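Start counting at 1 in the sequence shown, then tack on 8, and there's your number in our numbering.
What the hints contain is simulated information worked out from the structure, not anything from laboratory work. Check each hint, because a few of them may be wrong.
[Claimed, not checked] Result set (DSS-like, lysine-lysine): computed pairs, CA atoms no more than 25 Å apart in a straight line:
id	residue 1	residue 2
1	K97	K77
2	K85	K97
3	K32	K15
4	K82	K15
5	K13	K32
6	K94	K32
7	K32	K82
8	K82	K94
9	K77	K90
10	K97	K32
[Unchecked claim] What follows is a list of derived Cβ distance ranges for each label pair:
id	residue 1	residue 2	range
11	Y41	K94	27 to 37 Å
12	L17	P58	35 to 45 Å
13	I24	K77	28 to 38 Å
14	P99	M14	11 to 21 Å
15	F73	D40	42 to 52 Å
Quantities reported herein were computed from a predicted structural model and do not represent experimental measurements. All residues carry an ideal CB built from backbone N, CA and C; glycine is no exception.
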Amino acid sequence: PLLAKMKGLRGTSLDIFGASEERKMERGLITDYEAGLERLLGGLTAENLPLAVQIASVPQGVRGFGQIKEASVKVAKADEAKLWGKWEKAPG
């Protein structure tokens, strides 16, 4: 009940949970994802569509909380880097 009443504070400077390192990292992931989508859309062709879908799907592997999430983010970032390497080499 108390947390439900404080729902209006989410995302504001008064959000005590939003200041955690994990939440900051999550917001950074969202920003990175949006930038990646813009990059994909800028070079999207019929030929590289399957690779674009793979790149856009990488965040689906990010799961868990705390150390588990940190580990899954590291794996996802490594996978994403490999896919972006393929993207740069792909014709288009």
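- Report the numbers of all earlier hints that the structure fails to satisfy, in ascending order. Hints 1, 4, 6, 10, 11, 13, 14 and 15 contradicted; others consistent.
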